[in-house]
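K.L.:
Respectively, the protein sequence lines represent chains E and Y.
Each residue of the first sequence is one higher than the last, beginning at 1 in my numbering.
Each residue of the second sequence is one higher than the last, beginning at 188 in my numbering.
Derived by calculation from the structure, the hints in this document are not laboratory data.
C-beta: ideal position from N, C-alpha, C; glycine also.
Warning: the hint list may mix true and false statements.
For lysine to aspartate or glutamate, the following DMTMM-like pairs were computed, each having C-alpha atoms within a straight-line distance of at most 25 angstroms [stated by the list, open to error]:
{"hint": "1", "chain 1": "E", "residue 1": "Lys65", "chain 2": "E", "residue 2": "Asp119"}
{"hint": "2", "chain 1": "E", "residue 1": "Lys65", "chain 2": "Y", "residue 2": "Glu248"}
{"hint": "3", "chain 1": "Y", "residue 1": "Lys364", "chain 2": "Y", "residue 2": "Glu255"}
{"hint": "4", "chain 1": "Y", "residue 1": "Lys442", "chain 2": "Y", "residue 2": "Glu423"}
{"hint": "5", "chain 1": "Y", "residue 1": "Lys398", "chain 2": "E", "residue 2": "Glu153"}
{"hint": "6", "chain 1": "E", "residue 1": "Lys181", "chain 2": "E", "residue 2": "Asp119"}
{"hint": "7", "chain 1": "E", "residue 1": "Lys181", "chain 2": "Y", "residue 2": "Glu235"}
{"hint": "8", "chain 1": "Y", "residue 1": "Lys398", "chain 2": "E", "residue 2": "Asp119"}
{"hint": "9", "chain 1": "E", "residue 1": "Lys65", "chain 2": "Y", "residue 2": "Glu255"}
Derived coverage of chain Y by chain E (criterion: at least 3 residues anywhere in the stretch with Cβ under 8 angstroms from a Cβ of chain E; other residues may be distant) [unchecked claim]:
{"hint": "10", "segment": "194-200"}
{"hint": "11", "segment": "225-236"}
{"hint": "12", "segment": "251-258"}
The following residues of chain E were derived to be distant from chain Y, with all beta-carbon distances above 12 angstroms [claimed, not checked]:
{"hint": "13", "residue": "Arg14"}
{"hint": "14", "residue": "Ile64"}
{"hint": "15", "residue": "Ala78"}
{"hint": "16", "residue": "Ala129"}
{"hint": "17", "residue": "Pro131"}
{"hint": "18", "residue": "Glu132"}
{"hint": "19", "residue": "Ser147"}
{"hint": "20", "residue": "Val162"}
{"hint": "21", "residue": "Met182"}
{"hint": "22", "residue": "Glu184"}
{"hint": "23", "residue": "Gln185"}
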Amino acid sequence: MTSMAGSRDDDRARRFRDAALPHLDDVYTLARYLLRNVADADDAVQECYLRAFRHFDGFRGQAIKPWLMAILRNVCHAEFARRSGPLLVGAEAAAAEDASPLWQEEAHTAEAEMLRQQDAEMIHGLLDALPEPFREAIVLRDINDLSYQDIAEVMGAPIGTVMSRLARARTMLRNAWLKRKMMEQHV
Amino acid sequence: MTCEETHILLHALLDNEPDAAPAPELEAHVASCACCSARLRDYRGMGEALTEPGLRYQAPEDLRGRIERALLTTASQCPRANAPGRRGLLRGIAVGSAVSTALAGVAAAGAPYWRTLFNGFAFGSALSAVAAALLMIAVIRPDQDQVIVSDVVSAHLRSLQANHLTDVQASDQHGVKPWFSERLGAVPPVPDLTSQGFNLIGGRIDYVLGKPVAALVYQRDNHVINVFVAQDEDAERSPKLATLQGVNVALWSEKGLNLCAVGDVSAKDLQDIRKKFEAAA
Chain E
1 MTSMAGSRDD DRARRFRDAA LPHLDDVYTL ARYLLRNVAD ADDAVQECYL
51 RAFRHFDGFR GQAIKPWLMA ILRNVCHAEF ARRSGPLLVG AEAAAAEDAS
101 PLWQEEAHTA EAEMLRQQDA EMIHGLLDAL PEPFREAIVL RDINDLSYQD
151 IAEVMGAPIG TVMSRLARAR TMLRNAWLKR KMMEQHV
Chain Y
188 MTCEETHILL HALLDNEPDA APAPELEAHV ASCACCSARL RDYRGMGEAL
238 TEPGLRYQAP EDLRGRIERA LLTTASQCPR ANAPGRRGLL RGIAVGSAVS
288 TALAGVAAAG APYWRTLFNG FAFGSALSAV AAALLMIAVI RPDQDQVIVS
338 DVVSAHLRSL QANHLTDVQA SDQHGVKPWF SERLGAVPPV PDLTSQGFNL
388 IGGRIDYVLG KPVAALVYQR DNHVINVFVA QDEDAERSPK LATLQGVNVA
438 LWSEKGLNLC AVGDVSAKDL QDIRKKFEAA A
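If we strip away everything but chain E, and leave its shape as in the complex, we get:
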């Protein structure tokens, strides 16, 4: 049966697929970092794409990648809320962000060389250990390569918040990294 309506729906599915599937790896990467579990990430990405397809009519031609990632983020947050209470956002995150000024937390400046030694598994571990919403900020910027504007859209937060979370996330990561490197050297 090839009614007009039929081909219109196939056309819609095709348009969605062509627009959205190219970003699958990026969306999957974000899911892996947010959920820290392969099976959960798989499920979340599936749910994300189905939800995005349902809402595709409401999508008005702006950049699709941050739109998809915002949906993925909502899917992940809802699942966390279902399991064990909301991710650390809102008032608690604000308190964490205000906790102490950035410059007091810096370890002594180490050789930049230490930080450049690449070890994907170790870095992944350090990223996983970052609390939310800091892990999310640094993954969106440094792994997914989104602009500040796009990150703001994905997080549903103003750019100022994005910048302060990113600054703090990088400080935390840097400190954890240096600690790790120094421990390794003393083994």
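Model the placement of chain Y on the given structure of chain E, informed by the hints.
P.N.:
For chain Y alone, coordinates are given in the frame of chain E:
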């Protein structure tokens, strides 16, 4: 520019975001400040390390395949409305009457709930013209309400997974109202529905359109109703009924609240429940 300001703004230099911070002033400060230039150097090093390809994942091939197949299935099984003007829920969503049984089966097997939902879409038997006539969909605005209905149905089906109907158990309003007050800063109406045979079993926080809402859970025999209550100053929806994936949904507004009652019960039952809520508000 002070060191304190630079500590946050220098990231705009790192990230090449000229609109986020005044580059000339930043660069001037960094050039004349040893600690900030050391910091910038460190973060550059860290940024380079983060470009490591091993930190980026590729979606597994079978995930990609599953999504592609689901899109094609959903499209080809979308029920056709004979009247070209008929829009709303019938468009673009595969709705299955067999779905809720299938869902129950898969859920019992212990599959994660997302797989459950996904399998429901893949099964998607076509909505017959007779079933369509029974839908009683009043005008559903294509964008927002369609999204709300699908969100609350997803939330309802999720909640039916074992152990997650309620976070607070109570059989009357006094058991749940303080719990919601503490968590949401607001108290939903919690009417007594025992005259329809529904007993309150408790409540939880759930998420609709990404926002936390109160979910009240009532039960009659083995049928569960979730009533989702969200605060909205502009709430002014006239009552509507919808159905999706084998469950019925009633949507309505009361002063400052949007409510959705969702369950595997008749539309008439949901309308009676709505009236009880309206009387209790």
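K.L.:
Take the hints in turn and mark each one as holding or not.
P.N.:
Against the structure, the hints:
At most 25 angstroms may separate the alpha-carbon atoms for a hinted pair to count; Lys65(E) and Asp119(E) exceed this at roughly 28 angstroms. Note on Lys65(E) and Glu248(Y): the hinted pairing holds, with a Cα-Cα distance of about 20 angstroms set against a maximum of 25 angstroms. At most 25 angstroms may separate the alpha-carbon atoms for a hinted pair to count; Lys364(Y) and Glu255(Y) exceed this at roughly 45 angstroms. As the CA atoms of Lys442(Y) and Glu423(Y) are separated by approximately 8 angstroms, the hinted pair is consistent with the 25 angstroms bound.
For the hint linking Lys398(Y) to Glu153(E), the alpha-carbon distance of about 16 angstroms falls within 25 angstroms, and the restraint holds. Taking the CA atoms of Lys181(E) and Asp119(E), the gap is near 11 angstroms; set against the 25 angstroms cutoff, the hint holds. Between Lys181(E) and Glu235(Y) the alpha-carbon distance is near 17 angstroms, which keeps this suggested pair within the 25 angstroms criterion. As the CA atoms of Lys398(Y) and Asp119(E) are separated by approximately 38 angstroms, the hinted pair breaks the 25 angstroms bound.
Using a Cα cut-off of 25 angstroms, the hinted pair Lys65(E) and Glu255(Y) holds, with the two alpha carbons roughly 17 angstroms apart. A stretch counts as covered by a chain when three or more of its residues have a beta carbon under 8 angstroms from one of that chain; for the segment 194-200 of chain Y and chain E the count is 5, and the coverage holds. Residues of the segment 225-236 of chain Y with a Cβ under 8 angstroms from some Cβ of chain E number 11, which satisfies the need for three, so the listed coverage holds. Counting residues of the segment 251-258 of chain Y whose beta-carbon sits less than 8 angstroms from any beta-carbon of chain E gives 6, enough to reach three: the coverage restraint holds.
Some Cβ of chain Y comes within 12 angstroms of the Cβ of Arg14(E); the nearest lies about 8 angstroms off, and the non-interface call is violated. In this structure Ile64(E) is separated from chain Y by more than 12 angstroms, as the shortest Cβ-Cβ distance comes to about 15 angstroms. Listed as a non-interface residue, Ala78(E) fails to keep its Cβ farther than 12 angstroms from every Cβ of chain Y; the least gap is roughly 4 angstroms. The claim that Ala129(E) is not at the interface with chain Y holds, since no C-beta of that chain comes within 12 angstroms of its own (minimum 14 angstroms).
Against the 12 angstroms criterion, Pro131(E) stays outside the reach of chain Y, whose nearest CB is about 18 angstroms from its own CB. Interface exclusion of Glu132(E) from chain Y stands, the closest Cβ pair being 15 angstroms apart, more than 12 angstroms. Remark: the non-interface label on Ser147(E) conflicts with the geometry, its nearest Cβ contact in chain Y lying 7 angstroms away (cut-off 12 angstroms). A beta-carbon of chain Y is positioned within 12 angstroms of the beta-carbon of Val162(E); the least distance is around 9 angstroms.
Every CB of chain Y lies more than 12 angstroms from the CB of Met182(E), the least distance being 14 angstroms, so the non-interface label holds. No Cβ of chain Y approaches the Cβ of Glu184(E) within 12 angstroms, the least distance being about 15 angstroms, so the stated non-interface status holds. Its beta-carbon lying about 17 angstroms from the closest one in chain Y, Gln185(E) satisfies the requirement of being farther than 12 angstroms from that chain.
When each numbered hint is compared with the structure, violations occur for hints 1, 3, 8, 13, 15, 19 and 20.
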